[in-house]
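Undergrad: Those protein sequences? They're chains A and B, same order as listed. Quick note, in the numbering used here, the first sequence goes up one by one and the last residue is 394. Quick note, in the numbering used here, the second sequence goes up one by one and the last residue is 394.
Misleading hints may appear alongside valid ones.
As the list claims (entries may be wrong) - Computed footprint of chain A on chain B, listed as stretches where at least three residues anywhere in the stretch have a Cβ under 8 Å from a Cβ of chain A:
(1) 320 to 328
(2) 350 to 362
To be verified - The list that follows gives simulated cross-link-like pairs (lysine to aspartate or glutamate, DMTMM-like), each with its CA atoms no further than 25 Å apart:
(3) 198/B x 232/A
(4) 142/B x 220/B
(5) 198/A x 332/B
(6) 147/B x 209/A
(7) 208/B x 211/A
(8) 147/A x 108/B
(9) 187/B x 211/B
(10) 138/B x 108/B
(11) 142/A x 108/B
(12) 138/B x 108/A
(13) 110/A x 284/B
(14) 198/B x 220/B
(15) 138/B x 291/B
(16) 336/A x 211/B
(17) 250/A x 221/A
(18) 122/B x 108/B
(19) 338/B x 202/B
(20) 198/A x 293/B
(21) 338/A x 222/A
(22) 253/A x 232/A
(23) 390/A x 108/B
(24) 147/A x 118/A
(25) 253/B x 232/B
(26) 138/A x 368/B
(27) 122/B x 293/B
(28) 355/B x 332/B
(29) 336/B x 202/A
(30) 140/A x 368/B
What the hints assert, rightly or not - Partial chain A-side listing against chain B, Cβ under 8 Å, derived:
(31) 164
(32) 193
(33) 234
What the hints contain is simulated information worked out from the structure, not anything from laboratory work. Glycine is no exception: its CB is placed at the ideal position from the N, C-alpha and C atoms.
Number of protein chains: 2
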Amino acid sequence: MKLTILGCHSATPRDNKHTTSQLLDVQGKLFLIDCGEGTQLQLRKSKVKFSRIKHIFISHLHGDHFYGLIGLISTFRLLGRTAPLTIYGPKGIKEIITLQLKLAKSWTDYELFFKELDAKVSEIIYEDEVLSVRTLPLDHRVYTNGFLFTTKSVHRKIIKEAVEGLNLSPFHFQQLQEGKSIKLTDGQVIENKVLTQDPDPAKQYAFCSDTAFNKALVPHIKGVDLLYHESTFLEQHLELAAKTKHSTAKQAAKIAQNAQVKKLILGHFSNRYSDYKAFIEEAQPIFENVQLAEDLKSFSI
Amino acid sequence: MKLTILGCHSATPRDNKHTTSQLLDVQGKLFLIDCGEGTQLQLRKSKVKFSRIKHIFISHLHGDHFYGLIGLISTFRLLGRTAPLTIYGPKGIKEIITLQLKLAKSWTDYELFFKELDAKVSEIIYEDEVLSVRTLPLDHRVYTNGFLFTTKSVHRKIIKEAVEGLNLSPFHFQQLQEGKSIKLTDGQVIENKVLTQDPDPAKQYAFCSDTAFNKALVPHIKGVDLLYHESTFLEQHLELAAKTKHSTAKQAAKIAQNAQVKKLILGHFSNRYSDYKAFIEEAQPIFENVQLAEDLKSFSI
Chain A
94 MKLTILGCHS ATPRDNKHTT SQLLDVQGKL FLIDCGEGTQ LQLRKSKVKF
144 SRIKHIFISH LHGDHFYGLI GLISTFRLLG RTAPLTIYGP KGIKEIITLQ
194 LKLAKSWTDY ELFFKELDAK VSEIIYEDEV LSVRTLPLDH RVYTNGFLFT
244 TKSVHRKIIK EAVEGLNLSP FHFQQLQEGK SIKLTDGQVI ENKVLTQDPD
294 PAKQYAFCSD TAFNKALVPH IKGVDLLYHE STFLEQHLEL AAKTKHSTAK
344 QAAKIAQNAQ VKKLILGHFS NRYSDYKAFI EEAQPIFENV QLAEDLKSFS
394 I
Chain B
94 MKLTILGCHS ATPRDNKHTT SQLLDVQGKL FLIDCGEGTQ LQLRKSKVKF
144 SRIKHIFISH LHGDHFYGLI GLISTFRLLG RTAPLTIYGP KGIKEIITLQ
194 LKLAKSWTDY ELFFKELDAK VSEIIYEDEV LSVRTLPLDH RVYTNGFLFT
244 TKSVHRKIIK EAVEGLNLSP FHFQQLQEGK SIKLTDGQVI ENKVLTQDPD
294 PAKQYAFCSD TAFNKALVPH IKGVDLLYHE STFLEQHLEL AAKTKHSTAK
344 QAAKIAQNAQ VKKLILGHFS NRYSDYKAFI EEAQPIFENV QLAEDLKSFS
394 I
């Protein structure tokens, strides 16, 4: 998996400070998470072929997380998109988007599906052959979900050196990936374990924005490879964080520590701060492997 | 009046190619015309104190003319705005905006008014002591209005040299502006025409985007000081212009010529063109005083 931060700032977009959006590349499949105003411009800057996005996950209906969605949907239409697109987000998102398409007399030529969410417990909302996506109920001023992306470890890994010179067919490769032994054209049978090794372990990415400090989250994200957790504030604004149901950098670090995740990324910074080093300084004593999100920065998982 | 182009490109925003929005300063009062995605960032770049905007005019409900409106309304709230704001736009705009504010549980703390438009004839939709705003029915794929801004010539102009040494009170100045003669403290009466001259003539700005070539527009914009007319296409794409109900640069020039306006600005350029000189070359043989719109360029009226 490769995560690209398109925007990691809160509330209002500024020049070079974009509101929340992230692009997750899972073995070549692109998933968009949140879509603040101007996300389509950030996607252009990221140089990815963003018409390949087929699934968009919206955490909640505050503007800094979804005001760019209607523009992206419209741009897909203007670019001649034909592939279906599915939007996952809180109940109401379908009405907001379809009302605007209706009044503009600009229905998409591609199929547009909505999966509206209202469950208060974690549920699987997407699944294919390579990954599953599960909601992470968060504690914010409006109904909000984080998202847990888990890759599947289904295929055994073929040992390149072992199969060299065997002149295997695609069918042979499929059998090997599925853990079966194979029979060559000369009748010789080769056991699976000679030619393959165990699959890579599953990888997990947890996206958690926006939320108050919420210990109930910990069991859901136990040991994930990468956790993005919002840290709108520093501890000096702890009361404001509580009032607005956001987190501080220290609180984000505590969640990461309790959940024993492998790595933490902080983001969703309030516009009141200009120096972000303080976020690291506050989080690192509690959870060492922490980094700051940055617009257009990528992280490998 | 001073007009600042915030965006003058059509369809989809690109880096350094912003979709339609304009700011009109009339004697210190700010009026916003259309509000494509990212307009709030362009307003920041323009360095105007944009919290002073009290009236926003939306021509039609295509995304490149209003997808930035909800974000601007939200940003006004986050910046602590208290002054009322009025939105003028096609029927349906109130539902689009209020639905999003409701679902975000983010009602504005300031008063937000809507004047929804559905008339098919030109009507006055705003009037104060310095100007009036009138709709200009346009011919597009959805219900669309242009807007005609007309300043009022009500106050006679005081001749600075003539009043020097007379030690006039503010009340005297008011009487002179209203065309009255004045009585000095020593009982001397001075006739108005000795101290004043005729008011500046009214100034007119006509905004016309988006529209097919539409001769019915001509009588409404006769002799205006400045006409912004869309020219999405060049003549080589005349058929496409007709099909999508847009205009070519040549057609815009014909409207300017027929209406005998003083100056024409072209804009709403399609993304298919990279060299905009061709727009001038096409328009100028028909109407000489023509200029191109440019993002963040200002024009005095």
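Undergrad: For every hint, state whether the structure bears it out.
TA: Going down the list of hints, with the structure as the test:
no. : hint          : result
1   : 320 to 328    : violated (count 0)
2   : 350 to 362    : violated (count 0)
3   : 198/B x 232/A : 15 Å, holds
4   : 142/B x 220/B : 23 Å, holds
5   : 198/A x 332/B : 21 Å, holds
6   : 147/B x 209/A : 36 Å, violated
7   : 208/B x 211/A : 34 Å, violated
8   : 147/A x 108/B : 23 Å, holds
9   : 187/B x 211/B : 13 Å, holds
10  : 138/B x 108/B : 14 Å, holds
11  : 142/A x 108/B : 16 Å, holds
12  : 138/B x 108/A : 8 Å, holds
13  : 110/A x 284/B : 61 Å, violated
14  : 198/B x 220/B : 33 Å, violated
15  : 138/B x 291/B : 38 Å, violated
16  : 336/A x 211/B : 43 Å, violated
17  : 250/A x 221/A : 19 Å, holds
18  : 122/B x 108/B : 30 Å, violated
19  : 338/B x 202/B : 39 Å, violated
20  : 198/A x 293/B : 44 Å, violated
21  : 338/A x 222/A : 36 Å, violated
22  : 253/A x 232/A : 48 Å, violated
23  : 390/A x 108/B : 18 Å, holds
24  : 147/A x 118/A : 11 Å, holds
25  : 253/B x 232/B : 48 Å, violated
26  : 138/A x 368/B : 22 Å, holds
27  : 122/B x 293/B : 18 Å, holds
28  : 355/B x 332/B : 29 Å, violated
29  : 336/B x 202/A : 17 Å, holds
30  : 140/A x 368/B : 23 Å, holds
31  : 164           : 4 Å, holds
32  : 193           : 6 Å, holds
33  : 234           : 6 Å, holds
Hints 1, 2, 6, 7, 13, 14, 15, 16, 18, 19, 20, 21, 22, 25, 28, counting from the list given before, are not met by this structure.
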